Structure formats: C-alpha cells, structure tokens
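From first to last, the protein sequence lines stand for chains A and B. If you're matching positions, the first sequence starts at 468 in my numbering and goes up one per residue. If you're matching positions, the second sequence starts at -9 in my numbering and goes up one per residue.
No lab work stands behind these hints: they were computed from the structure. Predicted model, so just to flag it, every value in this text is computed and none were measured. For each residue, glycine too, the CB sits at the ideal point set by N, CA and C. Please note that the accuracy of each hint is not assured.
Selected chain B positions facing chain A (in silico; Cβ < 8 Å) [to be verified]:
1) Thr75
2) Gln88
3) Asp89
4) Ser97
5) Met162
6) Phe332
7) Gly334
8) Thr337
9) Val379
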Amino acid sequence: MFKFPSALIAAGLLACTTAIAGDFGRAATDAEIAGWDIDIRPDGKGLPVGGATAEEGEGPYEAKCAMCHGSFGEGVDRWPVIAGGGDLDGTDPKKTVGSYWPYASTLWDYINRAMPYPAPQSLTVDEVYGITAYVLYLNDLVDYEWELNQDTFTEVVMPNTDSFFVDTRPDVQNTRCFENCADPASFKIVGVIGGVSPTGHFKEDSGVASSHYGDQPAEEEAGAEKVALSADAMAGESVHQQACLACHGAGIAGAPKTGDKSAWEGRVSQGLATLVDHAINGYQGNNGYMPPKGGRMDLSDEAVAQAVSFMVESSQ
Amino acid sequence: MKAVAEEASALKGQDRREFLRKGLAVAAGVTAGAAAPALAKGNPADMAPNVPSWTKSLGRGVVARPYGRPSDFTDLQRRTVPWLTASPESSISFSPLQDLKGIITPSGLHFERYHGGIPEVNPDSYQLMIHGLVDRPLIFTMEDLLRMPSVSEIRFIECPANGGMEWKGAQMEALQFTHGMISCSEWTGVRLSTLLDYVGVKPEGKWILAEGSDASGMSRSIPMEKALDDAMVCYAQNGEPLRPEQGYPVRLMVPGWEGNVSIKWLRRIEVGDQPWYHREETSKYTDLMPDGRSRKFTFVQEANSVVTNPCPENPIRHKGFIEIEGLAWSGRGTIKAVDLSFDGGVTWKQAEIKGVALPKALTRFSFKTEWNGEEWMLQSRAVDDTGYVQPTLAQLREARGVNSIYHKNSIHTWNVHANGEVHNVQIS
Chain A
468 MFKFPSALIA
478 AGLLACTTAI
488 AGDFGRAATD
498 AEIAGWDIDI
508 RPDGKGLPVG
518 GATAEEGEGP
528 YEAKCAMCHG
538 SFGEGVDRWP
548 VIAGGGDLDG
558 TDPKKTVGSY
568 WPYASTLWDY
578 INRAMPYPAP
588 QSLTVDEVYG
598 ITAYVLYLND
608 LVDYEWELNQ
618 DTFTEVVMPN
628 TDSFFVDTRP
638 DVQNTRCFEN
648 CADPASFKIV
658 GVIGGVSPTG
668 HFKEDSGVAS
678 SHYGDQPAEE
688 EAGAEKVALS
698 ADAMAGESVH
708 QQACLACHGA
718 GIAGAPKTGD
728 KSAWEGRVSQ
738 GLATLVDHAI
748 NGYQGNNGYM
758 PPKGGRMDLS
768 DEAVAQAVSF
778 MVESSQ
Chain B
-9 MKAVAEEASA
1 LKGQDRREFL
11 RKGLAVAAGV
21 TAGAAAPALA
31 KGNPADMAPN
41 VPSWTKSLGR
51 GVVARPYGRP
61 SDFTDLQRRT
71 VPWLTASPES
81 SISFSPLQDL
91 KGIITPSGLH
101 FERYHGGIPE
111 VNPDSYQLMI
121 HGLVDRPLIF
131 TMEDLLRMPS
141 VSEIRFIECP
151 ANGGMEWKGA
161 QMEALQFTHG
171 MISCSEWTGV
181 RLSTLLDYVG
191 VKPEGKWILA
201 EGSDASGMSR
211 SIPMEKALDD
221 AMVCYAQNGE
231 PLRPEQGYPV
241 RLMVPGWEGN
251 VSIKWLRRIE
261 VGDQPWYHRE
271 ETSKYTDLMP
281 DGRSRKFTFV
291 QEANSVVTNP
301 CPENPIRHKG
311 FIEIEGLAWS
321 GRGTIKAVDL
331 SFDGGVTWKQ
341 AEIKGVALPK
351 ALTRFSFKTE
361 WNGEEWMLQS
371 RAVDDTGYVQ
381 PTLAQLREAR
391 GVNSIYHKNS
401 IHTWNVHANG
411 EVHNVQIS
C-alpha cells in the first residue's frame, strides 16, 4: 500500500493531493479576516485591547440591557434572567450566567456579537467589557471597581465551569420486546394540562393568542383597515419594522403596541414633538424605559421621527 | 352537531372552513359511527347529479401563478407556541406533520428557528470566509460555490428541543407541537470536506467554528471528524434555492446532528485547535442532569418516531379499516424497523416501512388494521441500523431526570377514545 512520508502529512500536503483542480475563491486579506473574526475563546484568544469596570458598565447596561434583562438581571417578562439562580440539582433549576455559564468568554463573545437584541454589533469594545463586567458583578463574581480587560480576563472564576462533561449517550438501552413488555396494572396515565396548547389557531375564544402579537389580525388581513399614512409615516414604516417592532410589536418592557389605539391616546395628546424627543433622547416612563433611539444609535434623528409618525398614525 | 355549528359561527374565513371540515368529521364519527353514509359537507349545487360550477367555466391559464401555491381549500401552515419565547425573532415554529404524506417536507413548511430573525442576504454580496489553521485563507462567492463539485442528499433537520416541552408531563394536545420541530429535505451543495481540503487544514486543526451572518451571529463549534465526514455547505433545498427561512443563500447542513449546528446564512468557517464554547454550546444546547452536572456537545439526534394518523388533529372518523401511519428517524443511520403497540406498551407488532428508508432521513411506516370503537394506547417504537431501540419515557427520566430540555426521543402515547378522539397522554 502506498504511504505518504510523514513529513508531507505534517506539512499539510496530503490534503492537497485530494483537493479538486480549478481556481475557486480568492485569498482573504488580513483586514477582511479582522473585520469578521469576532470570536472569543475561554483562554481569551480573540479578545481585543480594552477594558472597563462594572461601575463603568452600569450606565450602558441600564440604557441598553435593563429594559429586557431587568436592573438586577432578574429578567422582564419572558426575557432571560441573567443573575442569581442556582438549584441546578433541584426540581426547579435556574440557569443564569452566574449559576450555569462555564466561561466568562462566552458572555463577552455573545454580548459583542448579538446584543443589544435590536441592535447587534453596535457596542464599542469598552462597552462590551463594561457590560460584561457589570453582569459578572450582578452575579457577585467581580467587584464593582474591578476592571475587566484583555489581561485580567482569565482571573474571572465561574462557579459552574467543572460541571460539564462530554455526551455519554447512548445512555439507555431499551429492548425490542413483543409480549408482556409492561405491567398494565402499574400504569399511571396522565393527560395534558388544560389550556396550554395554543388552539387559538383553530378557535378564537380559546383565550390563547395565536401569535406573539396577541390576537391582533395578521398584517395582511389588517390591510383593509389601514389608515391613509402621511409621507413621513410611510417613510418610517421600514425603520419601524427593523428597529421598533421587536418591542413595540409585542408590547415588551411597557412599550405601547403599534396599532393599540388606547395605549397611544394619552401619548399622542402630548404632541408629536414630545414623542419624537422621547424616542430620540430616551424616556423613563411609569411602565418601562425607552432607550435613546431604542438602542439603534445608527439611526438618524429623521429616521426615528418618521418611525414615530408611522406608529402614531397607525395607532389612531 | 349543534355545538359544532355554534362554534363554527364564531369563526371566520379559513379558520371556519378548517374547523368545519375537522369538526364535522369528528361529530360524524362520534354520533354516527361507521354505519352512517358520508355527510354532504360541500355545496349540493356542485355535487351529483348537478354539474359542478368549475366544470362549466374555464379555469386559470398557464402562469396565472408563476410560482404556484397550494389550493385555497387547503390549510397547511407552520404554527408557533407564543408563550414559549419572548419575541418572534428569537423563536420557533412547527411543521404540520399531521397534514403531510411524504418524507419530504415542502420547503415552505419546514420548521423555523431563528435567534435574531431572518436576514435578507443579497447573493451578489455573499461571501464565505474560511480561515484559521489553514494553509490558504480564502473567500468564496456564490459563483465559486456553484462551480464546485456538488452532492444532493435527503436528510432531516431536527431541533434538539423537539418534544422538550413534555419532559415533566404531557402539555401539547397536538402532534404539530409535540413533534413538529423536524423537517426533511433534499439538500444540495458542496461537501464541507471538499472546501476544507481545498484550503488545506493544518494538522493541529481539530475543530471548526461555523458562524452565521444573522443578527444573532449564530456560532457553533463542530469537531473536525464530523466536518470532514458528511457535512455540506448547501445552496439548494428540494431542488430550488434555499428559502430565506432556511439560510438563503448558503447554509451548513450537518446530517443527523441537532439542528442548531447546521448554521444558516453561513458567512464564516474558522479552523481551530479547540472548541470555542459559545453561548449555544454552553448556556443553551447542553443537557442538565439530576445531579446538577450537564452534558455538553450532545450532538446526535437519537432514533425517534411518532404516529401521525391518528393523532389529536386527525381523530378516527370511521369505524372499520384504518391505516395507522407515522414517521421514524435516526441521526445515527437508517431506520430498520418500527413496532406498534395498541395497549400502552404491553404487546407490540411490527409495522411496515413505507417507501424508501434513507439514512438520517424521515422514514414512513404503516400498519393496516381495524378500529371498532375500542380504546387504544397507541405507541410507536423505532429501531435503527446500529441496533438502538427507541426508549420509553420512564427509561429516559430515570437516566436524565426531567430538566434536560433537549433530546427527548422517548416512545410517545396517543390515547384513542371510544368516540375516535385522540389525546396526548403519558404512561409512567
């Protein structure tokens, strides 16, 4: 049997012998790779130079994270609880950053790539360090004044790191029995808990919403009832879909739902200029917090104003 | 019958038609049984001896619908369970298994799972970057991928949380919600091994990171052995470009493994010497055990099966002959046999495999019998070509407790009542 010299294998030349002929792709430049290579590993590989304390991260957290995750990481509505938790071996385990996540790098990586939810990859490096530090602080894992940076990163100790082990399945062994395989006298038969299946799809009076937007008619069906929109409002519709709907579609964190006349009446009476000001600069209301531009600082003031017009005119 | 009519009057449009179709059928089964003639559900003016209206006028011509869509009389749709998730952009919908009669899931009915909504990727701007521990870091365009040697394979994709709502007890009174996080398509694209060979993986390259370009930047670590085995970089589903919901223009397809690793809207593959431990392989998609420890890298979807007829959405409407039908699948290989029990697992009979049985693909089974109003505890049990036998719920709970969320592949029970209705129950 033909054998390759081990030196060739080590040099990676073995792979070339099976590679297809032809000219596919082009070299990726260092700058192109740097623009996309955002991943962070537990050993800190990939972390950019920067840093911030939990104290410095508190402001960005309150402005950009707390509306969903809560000021103490307790979670609003069904948004993830990220602090506290535990009882992993109990009947009602609570998996949070502090109680469950094995590596702090995961938190940095995830905040950087996917948060804030409506505006991913919009945070500065120092904001990511600060918010990461603050979430660790909310979990009593670092001090308020301690600075998280590319060098101190590996000092963070996560309590649950050693609790993970590689899959051991198949872990159960059933047999292909055909007769007397179970004792019917010992059967305990339990049916479904009432009211949890979303039968709203079939029955309107089930009390169960058929979509995340509640029982409002789907967009296409509502078309006939749409009011005539101003030019500003029409211009704002696409911004609304991309930037506002995440919260204002389902009424998250106290946000008035787009199209909900009663929720908007009191607000509209304050005048469009006030609403636009709140949307651009942020606003703390009784029921929730509107972050400046909903966290989408990439949007122009004009685009935000147009989106507000769309929401107001669609909610009359 | 009166109750059905009253309920139907509260509905409208498509919902009403659907409810009437199903509700009347149930009512007919309940009150009339097998002896009654088929009830006239349609418009008598269109039924014999009258000549139907569609016969006496011309229909639509060619290309009236350039793409085409199902008949307006059908009601095939993905559905979601809103209370499962906080918002629709990071959520899941379910395939209507109760309405499907093949191993291929129509592309528009493939279950959905997004963590940051569906990105609208322009294929002209599409790039796949492969870098890290490779000899030649390269960027491929759509044109590059389409020129490379391709393969086509029929494979299922299943979310590992399929059935996960039912670890602690039966919750969902519908097949669509108990098992609908699985779909099966013909996938076409380039073997990942072809691409990795082409860029040249360095000997220390043991893992890849696959990353999407969606708003969640979905990322998963995959061992090199699997990457070089049967993973595919796909651009087509059921013969046409991928649907946006399925990763248009390019997704990863990792056969037999939990759906989350088949990264959609694939933008980047990095080769490394160790896993990255990102959110979706630590915080999520790890399986919590009763002792408080957790399994990680629980990739494979073990053998599973479910009866699709009858089921809660498809009650038995007539006494006499019935073809019990269902689906079986295994992420480890090919379904070799499926057994059925009518008494909650005391006795079992072997069903037939229907049509083709392909590895890591949905496989249909069938059992022809009679039903005469007796109560059934109907179960199916899949066996794959590794010899693995689908376990009971009691076995899984004993090994894993009830808090592991993922990979619940236990034998499922439908309770068929004397009136033909079917309910989801658990036997312990």
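Against the structure, the hints come out as follows:
| no. | hint | result |
| --- | --- | --- |
| 1 | Thr75 | holds (7 Å) |
| 2 | Gln88 | violated (12 Å) |
| 3 | Asp89 | violated (13 Å) |
| 4 | Ser97 | violated (20 Å) |
| 5 | Met162 | holds (5 Å) |
| 6 | Phe332 | violated (12 Å) |
| 7 | Gly334 | holds (6 Å) |
| 8 | Thr337 | holds (6 Å) |
| 9 | Val379 | holds (4 Å) |
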